[in-house]
Amino acid sequence: MALLEVDKVTRRFGGLVAVNNVSFAVPEGEILGIIGPNGAGKTTLFSVISGFIPPSDGEIRFAGESIVGVSPDRLVRRGLVRSFQVVQTFADMTTLDVVTTAALTRRPIREAIDYAAHVLQRVGMAGKELLTPATLSLQDKKLLELAKCLATDPRCILLDEVMAGLTIAETEAPMAIVRELNSQGVTIVMVEHVMPVIMRLATRIVVINFGEKIAEAAPEEIIKDQRVIDAYFGEHLDA
Amino acid sequence: MRQEFYKTLTSPVWLVILVLAVVLPPLLPSYYLHIVILALVYVALASAWNIVGGMAGQISLAHSLFIGTGAMLSTALLLKLGVNMWLGLVISAIISGVMGAMIAWIDFRFQLGHLSFVLITMAFAEMGTVIVEGWDFLGGASGLLLPQDKGDFLAFQFGGGIGAFWVMLVLAIVSILINVAILNAPLGYYLRTIRDNENAARAIGVNILRYKIAAMVISAMLSSVIGTAYVRYLTFADPYLLVSPIIIIEVVLFATVGGLGRAYGPAFGALLLVPLGEILRGKLGGTLPGLHYFIYGVVVIAVILMSPRGLLPLFEKWFSRMRPKAATSK
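Quick note, the sequences are listed as chains A and B, same order.
Under this note's numbering, the first residue of the first sequence carries the number 1, and numbering increases by one thereafter.
Under this note's numbering, the first residue of the second sequence carries the number 1, and numbering increases by one thereafter.
Calculated from the structure, these hints are not laboratory results.
Each hint can be trusted.
The calculated lysine-lysine pairs, modelled on DSS-like cross-linking and capped at a C-alpha distance of 30 Å, are:
(1) K8/A <-> K224/A
(2) K317/B <-> K128/A
(3) K80/B <-> K150/B
(4) K141/A <-> K317/B
(5) K128/A <-> K141/A
From a predicted model like this one, the values you see are computed outputs, not experimental measurements.
Please work from the sequences and hints to get the whole structure.
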């Protein structure tokens, strides 16, 4: 049985259909990549899965149970956590405070503080515990997004463009973390624009265009798929 | 460096201040004792408000409702129904807590932004004023007069001046300690995350509704208890003082000037501004009426311009600059 099942999910905003009848299943332990042109509906899909926006139609199951209408914080406690594409800022908290809050999901306060420090070290942010997130570099802000997710001890992470805006060299650190997490059994669904990253990480790729799923296959097959090339790569190669 | 600052507070210097605070007041002339008691009332109120206004970042003006309930309802229960004021204190606190929970729920259910929250809570405060003024049971517009304070502890009497000082000192310390406890507990982390970024808070597992209600209930009940103790000291339950928007605006002002969201910030602001306001009024009120308000206003504006996050963070900064070695060697 798949850990996460998205079944004919549709989300409309007035007359606009942002996500149209999308289905896919993610078995435990997989890294699923979701790609598509800008405005294809990827982030909306994530917001629907993670409970921030209710679906207009369709069913979503996590570990066999329907999670439609379950609030984001309950989903986190069940083991489904998301990161944000737009890096989240905190005006008056340190990075350690923010990650500690995430760690409180499953730990008492003393343990949560220690664990948060450990997670920050693990993502390569040791020594930056007492900085304000707003003062961090983009790379560190992205790492903080990862650290927040990690600290909740998830079964499944939805990563929304954690590599976007980073140079190829800068993506090495988050990629290594994603791999390591996955090797420990954490299921990962990632939306990503940086092609080399997703091609190297994902075991399977779902392509979305105009809110609809247009392809689903292994990375090496996806890059040969004519529909995908037309919808996604085509416009980039021509430009 | 912040730790260094507070280490100094727990040092002998702090102990001396504490001892002076305990020993001096009984020796003070009653006018100055009154100022000290008033300062303690506002230390307690500003610290109680800080749980919602500072930590959760919700500028609630509805707290005059809770202070007013604590004061007017407990008084009315005693005078009209003969309910012991200790019991009145508990009943008022519970009713304040329920009202606080309702306001927090409305805020969550209708996703009020910061500005709407301020306006809604202001409307609640205004409703409180109207209800008190129009309802004879609560004293109406003329207020209620408590029996003379004969120092009967079981009847919630503490013997006026010095007794009131002790009660207020205890309430102020309890209020501050509750702040310290919350900031170090999960609730403090949740509230600060909610304040800084509500969506991000939900995404890392924070139940917004539960903790907004928790903060509001604790803060409302505490404000109500302080209100009851305050009215006992004043003896006269004056709706224009205790249920008016003025009292809550003062509380917000002191907390902001001292340093929002910090355990000692609001207390610091109240300790500074209450005596300043009272002394200015005492010295200038007779000769140049109105001037004390002006000076007071200038001081407040200057502080907010100089350090938007309040005076306490500013002092922390000065302190770490004065002792760079201590700060860097940790």
